[in-house]
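Protein chains: 4
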Amino acid sequence: MREYTTSIEVRFADLDLYGHVNGVAYFTFMETARVKLFSAPFRELTRQGVFLVVARAECSYAQPILPGDSVLVTISVSRIGGSSFELSYRLHDGAGKEYAVASTTMVCFDNTAKRPVPIPEQLSQLLHDEDSV
Amino acid sequence: MREYTTSIEVRFADLDLYGHVNGVAYFTFMETARVKLFSAPFRELTRQGVFLVVARAECSYAQPILPGDSVLVTISVSRIGGSSFELSYRLHDGAGKEYAVASTTMVCFDNTAKRPVPIPEQLSQLLHDEDSV
Amino acid sequence: MREYTTSIEVRFADLDLYGHVNGVAYFTFMETARVKLFSAPFRELTRQGVFLVVARAECSYAQPILPGDSVLVTISVSRIGGSSFELSYRLHDGAGKEYAVASTTMVCFDNTAKRPVPIPEQLSQLLHDEDSV
Amino acid sequence: MREYTTSIEVRFADLDLYGHVNGVAYFTFMETARVKLFSAPFRELTRQGVFLVVARAECSYAQPILPGDSVLVTISVSRIGGSSFELSYRLHDGAGKEYAVASTTMVCFDNTAKRPVPIPEQLSQLLHDEDSV
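Chains as they are written, first to last, in my numbering: chain A, 1 to 133; chain B, 1 to 133; chain C, 1 to 133; chain D, 1 to 133.
The set of hints was computed from the structure by calculation and includes no laboratory data. Remember, predicted model here, so these are calculated numbers, not experimental data. Note that CB positions come from ideal geometry on N, CA and C, so glycine has one too. Hints should not be assumed to be uniformly reliable.
[To be verified] Below, in silico cross-link-like pairs of lysine to any residue (SDA-like), each with a Cα-Cα straight-line distance of 25 Å or less:
1. A:K36 <-> A:S103
2. B:K97 <-> D:V53
3. D:K114 <-> B:L37
4. D:K36 <-> A:D93
[Unchecked claim] From the structure, some residues in chain D lie toward chain A, with a derived Cβ separation under 7 Å:
5. E9
6. R11
7. F12
8. T28
9. T32
10. V35
11. P120
12. E121
Please work from the sequences and hints to get the whole structure.
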């Protein structure tokens with residue numbers, strides 16, 4: 001399965017009073033990486049009135065992220081269903097240290113009809129195509 | 001000048017690695033208080049295509065906010081101009097301890113014409129009227 | 001199982017460009033509620049060098065939280081293990097509308113020895129005792 | 001006066017419901033840039049028990065930051081006093097568009113004695129030296 005990796009710039013404001021990156025910020029890192037990956041198709045889908053909604057999010061923490069640590073997010077498509085798909089995430093330093101593994105279930109949602117719709121052809125191709133992202 | 005006071009719920013995520021509320025969060029506290037104060041007229045103005053935009057924000061820090069501290073925000077209207085007005089803020093504990101004093105300059109902005117407009121009559125009355133907020 | 005419910009003050013800054021509370025903020029709401037629930041024993045444990053670490057977090061989203069919505073977080077202890085326990089969360093409006101259900105796995109971690117330790121007696125009693133929280 | 005410029009990665013979570021970067025995030029951008037600039041001397045000062053505290057922060061907004069915009073922060077030292085100094089910031093796109101100008105007053109604070117102290121020699125040299133940062 002094709003993987004996409006992007007780096008995340010950790011901010012001082014991401015640190016909590018333990019001196020670690022707050023666990024909630026990991027979800028912001030995943031969102032930031034996801035928006036980078038899908039920005040072009042997201043914009044096109046939004047124009048069509050189809051939103052990509054997070055239906056479920058999950059993260060297993062392995063090691064704390066400390067000030068000065070490099071943070072990379074690697075995303076892969078781990079499941080493709082009718083109107084939903086699952087993305088898997090690995091937060092790591094690019095040199096063997098893994099901070100967390102995580103996943104989000106994404107649903108294609110027609111914002112006018114207010115209900116899930118089948119994954120549009122264009123996005124489906126993108127999710128299946130190993131080279132197009 | 002009439003004052004409006006509201007309490008703010010400090011979150012664990014507002015603390016930084018020094019164990020204090022991060023200075024940036026003070027601006028979020030002011031925004032939260034301001035939105036509470038002006039929610040009704042804001043909604044009405046937005047419907048008319050007029051946005052209240054922050055043109056300038058300023059905060060002088062006096063004492064750190066620690067975990068467990070009560071935080072109140074007291075707002076007053078400190079200046080009313082043609083298309084702008086200034087709000088003054090006091091962040092304190094309600095018992096004599098002052099965390100910060102601050103101000104924001106607000107501009108009435110026509111989002112269609114993309115330029116400042118005179119303060120709408122309705123908002124002007126609200127800003128001058130000591131009892132209507 | 002005893003439940004603990006607290007309200008969360010939604011901030012303007014929690015909203016994203018869809019006009020909904022951003023999904024990541026739900027985890028901040030859970031953290032805020034959890035810190036309120038466990039503030040006294042947390043402080044005592046921290047003094048003993050034992051940290052309560054989130055090892056896993058998970059949230060299933062049901063309905064968006066919109067500006068003006070009331071948000072309550074109801075927490076219950078759903079599993080107690082040797083050195084870990086699980087908290088379950090319900091985010092709702094207190095009047096039948098459910099925004100999300102979620103859970104976090106908490107681990108007792110000796111910050112000096114850098115390894116998990118059995119749940120301290122004091123916390124264990126609290127988790128089992130239906131009336132002491 | 002020597003200037004230091006760094007880029008900031010805008011996150012989806014920085015956007016508010018108007019589709020702009022929220023004004024409060026500008027202060028986070030400045031903090032992020034400042035911590036990058038001063039990370040080495042900050043660490044050394046912290047080791048000596050001297051904290052660099054923000055005593056005052058101020059931002060004048062010129063143009064909104066939209067999704068996809070590049071954001072650079074340019075910092076310069078605009079005033080050096082006995083125990084305090086002022087940093088000036090320009091938030092811009094590196095191609096002539098200016099989002100905001102801002103400043104922060106920084107105070108050297110002895111965290112043990114709980115009072116301001118003269119700017120340590122090492123930091124003073126850094127602030128005056130145009131080439132050492």
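Violated hints, by number in ascending order, as checked against the structure: The structure conflicts with hints 3, 11, 12, although it agrees with all the remaining ones.
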